[in-house]
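Novice: Listed below are the residues making up each chain.
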Amino acid sequence: MVTRLGGRTAFVIAVLVLFCYGIVGIPHGGLKQSISKRINLGLDLKGGVHLVLAVQMSEALGTATDRDAAKLESALQASEITGVTVGKADASHPETISVIGVPIAKMGDVRNLLEGPEYSIYDVATQQDGAYKPTMKHSAIANFEALTLDRSIETIRRRVNSLGVTEAAVQKYGLGENQILVELPGLEDPTRVEEVIKSTAKLEIHAVVGGPYKDGAAALQANNGVIPFDSVLIQGVASAGAPVRSYLLKRASEVEGTDFRDAQPSQDMNGRPNIIFTLTSDAGDRFYKYTSEHSSTSATPGTMAIVLEKRVQEVMGINTAIRDHGEIEGGFTKQQAADLSLMLRTGALPASISYLETRTVGPSLGAASIRQGVHAAVAGLLLVMAFMLLYYRGAGINAVLALLLNLLMLLGFMGFLKATLTLPGIAGVILTVGMGVDSNVLIFERIREELRTGKSAAAAVKEGFAHAWKTILDTHVTTVVSATILFLFGTGPIQGFALTLTMGLIANLFTAVFVSRLIFDAILHKKGRAATLSI
Amino acid sequence: MEMFRDTRIDWLRQKWFFLSISLIFSIAGLFSILFWHHVPLGIDFRGGTQVMVKFYSQPNDDLIRSALAQNGVKEAQVQRISNPMNTAEDEVVISLPKPALEITEEQGRIAIKKGLIANYHESGFDVLKVDVVGPTAGKQLQTQAWLATAYSLLGMLIYLWFRFELVYGVAAVAAVFHDTLITVGAFSLANREIDLAVIAAILTLIGYSMNDTIVVFDRIRENLAIDRNHSLAHVVNRSINQTLSRTVLTSGLTFLTVLSLYLFGGAALNGFSFALVVGILIGTYSSIAVAAPMLVAYQSWRTPKGRVATLPVGR
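Just so you know, the protein sequences line up as chains U and L, in that order. The first sequence lines up with residues 12 to 546 when you count with the numbering used here. The second sequence lines up with residues 21 to 335 when you count with the numbering used here.
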């Protein structure tokens with residue numbers, strides 16, 4: 012009986028070749044080289060640094076609403092509505108601005124202003140006694156957060172690349188909690204990289220409203236016991252000989268991180284490291300307006316403060332109007348100046364970030380893990396193969412061939428998907444061997460049962476496969492469901508495990524059923540009608 | 021070679037024996053979880069700082085502790101890494117207790133490093149691995165672990181309900197619960213830490229235990245369809261006996277591979293492989309000793325007196 016042996020055999024061989032290609036591609040260079048090009052190693056096998064960052068969204072939100080508040084304030088002043096204070100009533104709700112002290116006569120005008128296109132992202136709630144509470148809409152907040160997250164990822168990626176880390180990965184992480192994953196293979200000490208990625212996220216220039224004060228209490232005293240709405244108290248940094256002072260700064264900044272177009276480390280006249288910066292033209296215009304209004308020669312001279320990482324770095328008078336070129340000094344070391352310029356150049360982070368997780372795997376551990384994993388895999392494989400040959404004799408060879416093809420397909424899958432192999436992933440391969448051979452056992456036991464009831468070899472094989480198929484499918488589906496859930500909820504290494512297990516079991520469906528059957532049929536065909544099976 | 025050619029063991033008769041074994045292990049585990057070691061959580065879940073160091077000469081735990089204390093690292097825990105094949109015993113895990121703020125974990129790591137360098141010089145040791153996990157991340161990973169487990173069980177239940185009948189699903193899920201409890205209990209009794217990899221192992225176990233149970237149930241269903249003469253208990257017994265060789269063989273084979281992982285796989289996968297070793301044994305046991313008897317017991321309970329208990333055959 013021709014059961015299309017030729018066609019099926021050709022198909023299996025084609026699959027074999029296909030998956031070999033998956034593993035090595037078109038080999039040039041050595042075999043090892045070709046394989047390592049297709050299959051990535053995870054951080055736990057290669058060594059490197061794994062960072063999980065959280066973007067401080069409420070802070071970013073606060074900065075954005077502060078800017079809108081400042082915009083509103085100047086708009087009100089422009090329309091000559093006086094006596095109104097615009098600011099933040101509640102620090103724990105950065106999405107809400109409070110507008111108080113609106114004179115009754117002007118309430119209509121203010122309302123119109125607030126409902127205009129400039130503030131369309133706000134829902135305005137009116138309160139009695141001339142107060143308004145514009146609150147950012149939920150959709151606007153969601154948009155803003157998504158944008159901020161993307162920009163943070165961009166910026167971090169640029170910084171990491173400028174530091175020369177090859178094959179770094181920067182991507183979204185977690186189940187929607189505004190977290191970023193940074194993976195830096197090959198890096199051994201994360202300290203400097205962590206600093207560069209995270210720090211100097213916020214460099215801003217604020218107008219100084221009051222100070223220097225000895226501390227918060229002194230500041231309150233000087234301002235009749237209350238900090239004005241549109242101001243914020245920020246501490247300075249300690250410098251040689253001088254104690255730490257606090258300053259009252261205008262909440263909304265005049266210049267912020269995104270306004271810097273370029274920054275280069277340099278030296279001032281005395282040889283001290285400083286930074287020369289260039290602003291964007293837009294920011295330059297704004298800065299010019301501010302500095303000319305408050306320069307020492309104007310009617311209202313003022314001072315400005317450079318705020319770095321929420322500390323006042325430097326306070327300086329405004330000597331002349333500055334458009335877009337300037338210098339920042341602040342007692343930097345050469346390295347600090349270089350790092351800071353790098354950060355300003357690659358763009359400031361739109362929000363500050365904090366580290367949730369930092370993990371470092373040393374390269375020796377990575378190599379040891381690979382070695383141990385491979386040992387375990389080979390040992391497991393040999394044990395299983397030995398048993399199958401012993402227990403099922405001739406059919407054992409069938410199982411061994413199917414198993415080897417299974418592993419080949421598994422590795423080929425990984426090559427095609429450019430999947431990452433992790434240490435748990437190697438465990439997944441080992442588990443595939445154990446669970447995959449289960450299918451063979453199922454079929455062989457059934458065949459033995461059928462033979463016992465007196466059926467012929469060919470009939471027993473047919474019945475064996477037919478009955479076992481349903482159970483094989485059931486068991487594979489349940490394990491793949493488990494693995495899928497693991498993949499969805501797991502982190503990198505666990506996902507590697509879920510992936511290898513799933514692909515191994517899918518390949519197993521093919522090898523244990525189609526390929527095994529083919530081998531049986533081929534043997535029986537060769538042996539002829541009165542064949543017996545070695546099983 | 022063939023084992024279990026024609027077994028005729030009355031499994032269901034032994035159900036009280038099985039029940040007592042299950043109870044002993046469950047209660048021992050539960051006791052340990054509640055009162056003794058509790059559930060030892062790895063750094064993934066409790067947060068904190070952990071540094072794995074390999075020394076080039078046999079280290080002394082107290083010396084390490086004092087070296088660290090001299091450099092401002094108080095209350096460091098020093099533990100040898102248990103690894104069945106690692107005879108050198110020169111790998112040590114230094115953990116800092118969970119601090120209040122995230123940032124101090126970073127400083128903890130730097131301090132540990134400084135302390136070690138000061139006393140062992142740069143070349144006396146090798147930092148293998150550093151983990152710093154903030155409390156937020158720890159809680160988040162815990163939540164993820166719970167969710168994954170819950171969804172997994174739910175998914176299984178739905179699948180079994182769809183392929184068989186609800187009662188089969190309930191019996192299988194009960195068996196899986198039993199397996200998970202005993203496995204976590206084993207970790208608690210042995211005072212081994214549960215980290216993310218262990219959760220992955222437990223979820224895999226759940227799938228594996230289900231597999232085993234499904235094979236038995238499949239056979240029960242098949243036999244019920246063709247055998248209308250014998251009692252339910254008889255049919256279930258026969259089904260178990262028929263699938264016994266297959267069950268023991270596959271568990272044995274998977275156990276072999278997992279054992280090889282436990283022995284040769286290294287320290288990083290040690291918790292993971294321990295979970296699988298325990299879980300595979302228990303998972304196989306529970307299909308025979310928990311799921312099947314539960315099926316019969318439930319049906320006997322539901323059948324009014326004088327009638328013969330039977331099971332819905334399902335699809």
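To be clear, the hints were calculated from the coordinates, so they are not data collected in a lab. Possibly wrong hints are sitting among the right ones.
What follows is a set of in silico ranges between Cβ atoms, one per label pair, in the way DEER data are often shown [unchecked claim]:
| # | chain 1 | residue 1 | chain 2 | residue 2 | range |
| --- | --- | --- | --- | --- | --- |
| 1 | L | Trp166 | U | Ser69 | 20 to 28 Å |
| 2 | L | Gly144 | U | Leu484 | 52 to 60 Å |
| 3 | U | Asp226 | L | Lys134 | 26 to 34 Å |
| 4 | U | Glu165 | L | Ala89 | 42 to 50 Å |
| 5 | L | Trp166 | U | Asn123 | 45 to 53 Å |
| 6 | U | Leu415 | L | Ala170 | 53 to 61 Å |
| 7 | U | Ala470 | L | Thr27 | 21 to 29 Å |
Chain U is nowhere near these chain L residues, computed Cβ spacing over 12 Å in every case [unchecked claim]:
| # | residue |
| --- | --- |
| 8 | Ser46 |
| 9 | Ile53 |
| 10 | Phe55 |
| 11 | Trp56 |
| 12 | Gln99 |
| 13 | Ala170 |
| 14 | Ser172 |
| 15 | Asp232 |
| 16 | Arg248 |
| 17 | Ser251 |
| 18 | Leu276 |
| 19 | Phe284 |
Here are the simulated EDC-like cross-link-like pairs (lysine to aspartate or glutamate), alpha carbons at most 16 Å apart as the crow flies [stated by the list, open to error]:
| # | chain 1 | residue 1 | chain 2 | residue 2 |
| --- | --- | --- | --- | --- |
| 20 | L | Lys74 | L | Asp146 |
| 21 | L | Lys133 | U | Glu199 |
| 22 | U | Lys481 | L | Glu242 |
| 23 | L | Lys134 | U | Glu460 |
| 24 | L | Lys159 | U | Asp200 |
| 25 | L | Lys133 | U | Asp200 |
All values reported here derive from a predicted model rather than from experimental measurement. Where is the CB? At the ideal position from N, CA and C, for every residue including glycine.
Novice: Each of the hints needs a verdict: does it hold here or not?
Specialist: Against the structure, the hints come out as follows:
| no. | hint | in the structure |
| --- | --- | --- |
| 1 | L/Trp166 - U/Ser69: 20 to 28 Å | holds, 26 Å |
| 2 | L/Gly144 - U/Leu484: 52 to 60 Å | holds, 57 Å |
| 3 | U/Asp226 - L/Lys134: 26 to 34 Å | holds, 33 Å |
| 4 | U/Glu165 - L/Ala89: 42 to 50 Å | holds, 44 Å |
| 5 | L/Trp166 - U/Asn123: 45 to 53 Å | holds, 51 Å |
| 6 | U/Leu415 - L/Ala170: 53 to 61 Å | violated, 38 Å |
| 7 | U/Ala470 - L/Thr27: 21 to 29 Å | holds, 25 Å |
| 8 | Ser46 | holds, 23 Å |
| 9 | Ile53 | holds, 23 Å |
| 10 | Phe55 | holds, 30 Å |
| 11 | Trp56 | holds, 29 Å |
| 12 | Gln99 | holds, 17 Å |
| 13 | Ala170 | violated, 9 Å |
| 14 | Ser172 | violated, 5 Å |
| 15 | Asp232 | violated, 8 Å |
| 16 | Arg248 | holds, 20 Å |
| 17 | Ser251 | holds, 23 Å |
| 18 | Leu276 | violated, 5 Å |
| 19 | Phe284 | violated, 4 Å |
| 20 | L/Lys74 - L/Asp146 | holds, 5 Å |
| 21 | L/Lys133 - U/Glu199 | holds, 13 Å |
| 22 | U/Lys481 - L/Glu242 | holds, 12 Å |
| 23 | L/Lys134 - U/Glu460 | violated, 67 Å |
| 24 | L/Lys159 - U/Asp200 | violated, 26 Å |
| 25 | L/Lys133 - U/Asp200 | holds, 11 Å |
When held up to the earlier numbered hints, the structure conflicts with 6, 13, 14, 15, 18, 19, 23, 24 and fits the remainder.
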